[in-house]
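Peer 1: What follows is the residue order along each chain.
Protein chains: 2
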Amino acid sequence: MTKIKCTISYDGTNFSGFQIQPRQRTVQGELEKALRRIHKGEHIRIHPSGRTDTGVHAKGQTIHFETTYQLPLNNWKMAINTLLPGDLYVHEVEEADDAFHARYDVVEKEYHYYVWNEREKDVFKQHYYYQFPYQLNMDAMQRACALLEGEHDFTTFSSAKASIKGSKIRNMYEVSCSREGSTIEFVFRGSGFLYNMVRIIVGALLDIGQGKRNPDDIEELLMRKDRRLLGDTVPAQGLYLWNVTYK
Amino acid sequence: MTKIKCTISYDGTNFSGFQIQPRQRTVQGELEKALRRIHKGEHIRIHPSGRTDTGVHAKGQTIHFETTYQLPLNNWKMAINTLLPGDLYVHEVEEADDAFHARYDVVEKEYHYYVWNEREKDVFKQHYYYQFPYQLNMDAMQRACALLEGEHDFTTFSSAKASIKGSKIRNMYEVSCSREGSTIEFVFRGSGFLYNMVRIIVGALLDIGQGKRNPDDIEELLMRKDRRLLGDTVPAQGLYLWNVTYK
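Order-wise, the sequence lines are chains H and D. The first sequence runs 1 to 247 under UniProt numbering. The second sequence runs 1 to 247 under UniProt numbering.
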């Protein structure tokens with residue numbers, strides 16, 4: 001048995017998320033279909049670093065699977081890519097340790113979120129940015145970002161739908177935002193992320209950028225541990241799973 | 001009767017081209033559907049500066065239509081955009097002269113073509129760039145571009161499917177290419193363009209960039225007036241109707 005680790009990217013626009021579902025086009029579904037063809041009908045289960053929701057993109061998602069099929073690593077890459085649709089691609093194939101697990105061995109994940117801060121619509125950005133027409137105070141947002149860095153209980157910033165069990169404490173190594181022209185880039189690097197956490201944080205940061213909230217509110221929001229204190233989750237299409245780091 | 005001129009953009013990915021066709025999703029079809037709703041069921045015919053093929057994008061296409069409906073110009077913009085799908089947008093609405101015609105009054109058109117010059121696939125570029133993996137000599141391509149500028153008979157560089165009647169002489173005010181990172185941008189500004197002309201020229205320029213042809217071949221190619229001398233038309237998804245200029 002060989003354990004294969006792959007770095008993949010996908011345009012989330014036409015996927016009903018990562019996880020396999022009946023009668024839906026999903027990333028897992030397309031990958032397992034390609035692997036089943038390579039394995040002459042045998043079902044090969046893949047394991048991602050984590051799921052992504054409908055419309056969320058990935059520049060550097062990681063998956064693993066096990067196989068008895070013998071192929072040089074470069075041939076694996078070509079064999080899988082030949083069978084994948086245009087919106088899903090394998091960038092790197094490596095042989096992993098027997099003990100490796102794409103989900104449990106993650107030490108750091110990086111997400112980016114992109115806002116197109118213009119009043120005029122850009123048809124080419126609709127699936128790749130969140131268009132936000134209002135003026136934003138970058139200084140205020142940056143001050144709020146700094147308060148989110150470090151180890152905190154992120155209950156206030158996670159979906160109420162998330163499971164109750166498990167710690168909500170996560171360590172954020174980087175929370176930042178910067179503007180280039182009309183594009184605002186948010187970068188999040190952390191030990192792990194709760195369900196919808198990035199999209200809820202970006203929503204709160206946009207409130208702060210508009211002056212609806214004070215940057216210093218972050219400290220109290222973290223302390224109160226109550227999702228209802230915050231507004232809307234921003235849309236999926238601005239979110240990218242950028243990179244996953246392992247030991 | 002008021003004549004309305006609109007500047008529009010569209011992401012060509014999910015349109016079967018511009019021109020209306022039964023049971024196909026087209027730019028004209030979606031625009032006329034929106035106008036019919038505004039005009040309470042009355043059919044309003046729109047006229048573009050020219051058609052675009054399936055998969056071709058527009059940053060600045062121009063259309064006109066006639067109406068007896070009275071609306072302030074800003075309300076026109078909002079009224080139409082409210083009824084349009086996400087991949088089609090009206091940027092500007094103006095009142096035009098009675099004599100104006102979006103097709104016959106064009107004095108200059110500008111097209112851009114984008115090549116992604118990388119071996120590795122980028123899933124986010126598949127509908128917006130032509131991915132071309134081979135090394136290109138920019139100097140050679142730029143010399144060939146210079147030879148295409150000015151007034152020429154472009155028979156060699158137009159689709160054999162184009163109608164036989166009509167002059168094939170066009171005036172190119174600018175033909176240029178430049179590289180920024182892995183992106184190669186081709187810019188064409190001219191008095192008008194023959195069917196498939198930009199895509200055939202880019203194909204020839206890529207041959208020259210690979211050393212399959214000499215930049216100086218352009219002169220003989222123009223002189224020979226024979227489409228069969230050239231290779232493939234490059235794919236639609238790299239092509240953008242960038243701007244249309246009127247008197």
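Read the hints as simulated data drawn from the structure, not as lab findings. Among the clues, some could well be false.
It does not matter which identical chain is meant; a pair holds if it fits inside one copy or across any two.
DSSO-like, lysine-lysine: derived pairs with alpha carbons at most 30 Å apart [stated by the list, open to error]:
hint, residue 1, residue 2
1, K77, K168
2, K121, K3
3, K168, K40
4, K33, K225
5, K165, K121
6, K161, K77
7, K5, K225
8, K59, K3
Peer 1: Work down the list of hints and note, for each, if the structure agrees.
Peer 2: Going down the list of hints, with the structure as the test:
{"no.": "1", "hint": "K77 with K168", "verdict": "neither (37 Å within a copy, 47 Å between copies)"}
{"no.": "2", "hint": "K121 with K3", "verdict": "between (46 Å within a copy, 25 Å between copies)"}
{"no.": "3", "hint": "K168 with K40", "verdict": "neither (43 Å within a copy, 55 Å between copies)"}
{"no.": "4", "hint": "K33 with K225", "verdict": "neither (42 Å within a copy, 49 Å between copies)"}
{"no.": "5", "hint": "K165 with K121", "verdict": "neither (42 Å within a copy, 40 Å between copies)"}
{"no.": "6", "hint": "K161 with K77", "verdict": "neither (37 Å within a copy, 40 Å between copies)"}
{"no.": "7", "hint": "K5 with K225", "verdict": "neither (37 Å within a copy, 54 Å between copies)"}
{"no.": "8", "hint": "K59 with K3", "verdict": "within (22 Å within a copy, 47 Å between copies)"}
Checked against the numbered hints above, the structure breaks hints 1, 3, 4, 5, 6, 7 and satisfies the rest.
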